[in-house]
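So you can see what is in the structure, the chains are spelled out below.
2 protein chains.
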Amino acid sequence: MGYTAVIGQSGGPTVVINQSLVGAVEALAASGKFSTILGAKNAVRGIVDGNFVDLTNLESGRLKRLAATPSSALGSSRDKPDAAYCERILASFKQRDVRYFFYIGGNDSSDTCRIVKQMADQSGYELNAWHIPKTIDNDLMENDHTPGYASAAKFVAQAFMGDNLDNKALAGIKINIVMGRHAGFLTAAAAAGRKLDSDGPHLVYVPELAFDVDTFLGDIDRVMKQHKRCVIAVSEGIHDAAGTPIISKLAQSVEKDAHGNVQLSGSGALGDHLAELVKTKLGAKRVRADTLGYLQRCFPGVVSDVDAREANLVARRAVEESLKGRASGSVAIQRTSTKPYTAELKVIPLEAVAAKTRTMPREHLAGASNVSPAFIEWVTPLLGGLPEIEQL
Amino acid sequence: MGYTAVIGQSGGPTVVINQSLVGAVEALAASGKFSTILGAKNAVRGIVDGNFVDLTNLESGRLKRLAATPSSALGSSRDKPDAAYCERILASFKQRDVRYFFYIGGNDSSDTCRIVKQMADQSGYELNAWHIPKTIDNDLMENDHTPGYASAAKFVAQAFMGDNLDNKALAGIKINIVMGRHAGFLTAAAAAGRKLDSDGPHLVYVPELAFDVDTFLGDIDRVMKQHKRCVIAVSEGIHDAAGTPIISKLAQSVEKDAHGNVQLSGSGALGDHLAELVKTKLGAKRVRADTLGYLQRCFPGVVSDVDAREANLVARRAVEESLKGRASGSVAIQRTSTKPYTAELKVIPLEAVAAKTRTMPREHLAGASNVSPAFIEWVTPLLGGLPEIEQL
Numbered sequence: 001m002g003y004t005a006v007i008g009q010s011g012g013p014t015v016v017i018n019q020s021l022v023g024a025v026e027a028l029a030a031s032g033k034f035s036t037i038l039g040a041k042n043a044v045r046g047i048v049d050g051n052f053v054d055l056t057n058l059e060s061g062r063l064k065r066l067a068a069t070p071s072s073a074l075g076s077s078r079d080k081p082d083a084a085y086c087e088r089i090l091a092s093f094k095q096r097d098v099r100y101f102f103y104i105g106g107n108d109s110s111d112t113c114r115i116v117k118q119m120a121d122q123s124g125y126e127l128n129a130w131h132i133p134k135t136i137d138n139d140l141m142e143n144d145h146t147p148g149y150a151s152a153a154k155f156v157a158q159a160f161m162g163d164n165l166d167n168k169a170l171a172g173i174k175i176n177i178v179m180g181r182h183a184g185f186l187t188a189a190a191a192a193g194r195k196l197d198s199d200g201p202h203l204v205y206v207p208e209l210a211f212d213v214d215t216f217l218g219d220i221d222r223v224m225k226q227h228k229r230c231v232i233a234v235s236e237g238i239h240d241a242a243g244t245p246i247i248s249k250l251a252q253s254v255e256k257d258a259h260g261n262v263q264l265s266g267s268g269a270l271g272d273h274l275a276e277l278v279k280t281k282l283g284a285k286r287v288r289a290d291t292l293g294y295l296q297r298c299f300p301g302v303v304s305d306v307d308a309r310e311a312n313l314v315a316r317r318a319v320e321e322s323l324k325g326r327a328s329g330s331v332a333i334q335r336t337s338t339k340p341y342t343a344e345l346k347v348i349p350l351e352a353v354a355a356k357t358r359t360m361p362r363e364h365l366a367g368a369s370n371v372s373p374a375f376i377e378w379v380t381p382l383l384g385g386l387p388e389i390e391q392l
Numbered sequence: 001m002g003y004t005a006v007i008g009q010s011g012g013p014t015v016v017i018n019q020s021l022v023g024a025v026e027a028l029a030a031s032g033k034f035s036t037i038l039g040a041k042n043a044v045r046g047i048v049d050g051n052f053v054d055l056t057n058l059e060s061g062r063l064k065r066l067a068a069t070p071s072s073a074l075g076s077s078r079d080k081p082d083a084a085y086c087e088r089i090l091a092s093f094k095q096r097d098v099r100y101f102f103y104i105g106g107n108d109s110s111d112t113c114r115i116v117k118q119m120a121d122q123s124g125y126e127l128n129a130w131h132i133p134k135t136i137d138n139d140l141m142e143n144d145h146t147p148g149y150a151s152a153a154k155f156v157a158q159a160f161m162g163d164n165l166d167n168k169a170l171a172g173i174k175i176n177i178v179m180g181r182h183a184g185f186l187t188a189a190a191a192a193g194r195k196l197d198s199d200g201p202h203l204v205y206v207p208e209l210a211f212d213v214d215t216f217l218g219d220i221d222r223v224m225k226q227h228k229r230c231v232i233a234v235s236e237g238i239h240d241a242a243g244t245p246i247i248s249k250l251a252q253s254v255e256k257d258a259h260g261n262v263q264l265s266g267s268g269a270l271g272d273h274l275a276e277l278v279k280t281k282l283g284a285k286r287v288r289a290d291t292l293g294y295l296q297r298c299f300p301g302v303v304s305d306v307d308a309r310e311a312n313l314v315a316r317r318a319v320e321e322s323l324k325g326r327a328s329g330s331v332a333i334q335r336t337s338t339k340p341y342t343a344e345l346k347v348i349p350l351e352a353v354a355a356k357t358r359t360m361p362r363e364h365l366a367g368a369s370n371v372s373p374a375f376i377e378w379v380t381p382l383l384g385g386l387p388e389i390e391q392l
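Line order of the protein sequences matches chains F and W. Residue numbers are given in this note's numbering: position 353 of the first sequence equals residue 353, and the series is strictly consecutive. Residue numbers are given in this note's numbering: position 175 of the second sequence equals residue 175, and the series is strictly consecutive.
FYI, nobody ran anything at the bench for these hints, they're computed from the structure. No incorrect hints appear here.
Okay, derived cross-link-like pairs now, PhoX-like style, lysine-lysine, Cα gap no bigger than 20 Å in a straight line: (1) 279/F to 225/F; (2) 228/W to 41/F; (3) 228/F to 41/W; (4) 41/W to 94/W; (5) 285/W to 80/F; (6) 256/W to 285/F.
Which bits of chain F does chain W cover? Going by a derived footprint, with three or more residues having C-beta under 8 Å, they are: (7) 3-16; (8) 75-88.
None of the values given here were measured: they were computed from a predicted structure. Glycine included, each C-beta is placed from N, C-alpha and C at the ideal position.
With the sequences and hints as input, model every part of the structure.
In structure tokens:
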């Protein structure tokens, strides 16, 4: 009889989150130490409900195809477990004699690992609890970048490459809303495909800096005078100097989630309100807004090969470390060189990443409405190449 | 001295419209009969303003990269020329001794060709005027499908494949708005990537059928009972039985263009209003809406190889026919077999396509909220393959 391991996938899905799932499954199977590998259906929800899928004997062809399939194959959850919920997770593990737990997710998932591991320690239950990083927001501490980010960034970069050419063909003011509540890394990637000085996005607004409506209108006016067109990347998370989300100020009503956060994704409201503002205040004619929406995180076929490889490797590394006897931790991607791009995986304590948020470093920004050459240099090797563009 | 040819690109851009531009340029150059090949900047606008770009001596590597670049390299226009405008087009041609005119666009562009050719004939000016088809809407008469449609359909199909998996991981009601004012072909393509009976889109609404809000809510209620989640494809052009666009009925104010059409694209309003309706009337919790927007027509890297090839071929054929002495026409793609897929190009008179609109044949629809197996069979070979998906 071998050990029983549980793997879960939490939070918003990505196109490479199944690479991490498959990496973990393959490493566990290869060790020969596990008789049962369980996938928790819908993350922590499946653990407390006893809802698992047996991953022990999936054949390799199926695993390979699964790894290349977007979104969380096990299902996901937005539940953010409190202490009582974590007690139920631990009880479920004890009931099944689960000694290895691997949780693929963001900073909340890392915090869940931390709490469950602490409770296990306190009750004298031997448990290995590992966090495997995942988030398109790229907002985990200690990581140069996180699995899921590079592919989403590639999607955003390509979307803006196309939309810049579209806007060049039929001129106007175009506002595109990009995901990211607190961190602007994904919105900044909009600029990665620019070739000519006249290419958009001409303006980039990230949540790291306070958003001022008058400055925004002045910026557009300036770009319109120069280029007679304007493509704008706006993070869904922009807020004013007091921290109030712009969407709350513009919209009559906003939906809030269980954590009291206003709903940002799954609605075109922010873009539409900004477009209306530009039409009204600047008297501009052709003003359009698109919200890139959920396509950013789960679009099949737009995958960075760097991202796919790293998502697999961080999961393998977590399994390997746990088998070497380290009882808990998270695996961080740390860059060692940009040209050529190299990175190493570093094991860090759960506390280093749990419930913390990383935002863009100051040197990635250029003024209040653009990214710096340093950001472009940083992001480019992560994208695994962009389509070639030729302009007359 | 050889002839002078003018090429223009009109209306909404596509990812393969430059394939048609390059196909025409290469065929004209290969004939050895042209000393000057001019591209009209921003379509008819450039012709009347005398704003051209010289395409005569572009080197082949640049042409090849240009062909693979999305959006209209010459720039485009939404101008719909009346008789006076067409007189100015003809005057510009006479001034430059232009005897060959190739216009890449939809049914309006075909009509412009028709009017200018008629005026040339009436004034005894020898002019060859050819329409080269292009539209993601696939609404041109006599065509099985039009260049630009297949790649946009591939984007929409992949977007829904990813979004279905996203919705499966985090269940809820998801509404996605797809382009198409009168024809539902593009919205219907949302269903092309479904594998399992439980895969979304579970509901598909096209403008060929009247949209009824109560039926819509009842449909969602039924799907939610069966699958506990619901992914919905909605054409931006849906209207009620009286022909009134649903967006006009739901929104407080809508923008209208020069032709009196309400603005459909470049806003999330329709999706947001439908989501609000579902939340209010069905008491549903997690209801989200995305509007696929301009990404559908210009996303670099998501290109059907069938589409790219055909976009090039229709343009070559138009040039060849004109050189054989046929003074005007349009080139239509007509399918000769579905398994394996084969098609032939047919020359048709401008009148057959000008200012007319094709919509989905009845056999492509199944009931009021789904597409038929016949549609899936029809659309599949056009997409050039979809990413492989594996589910647990």
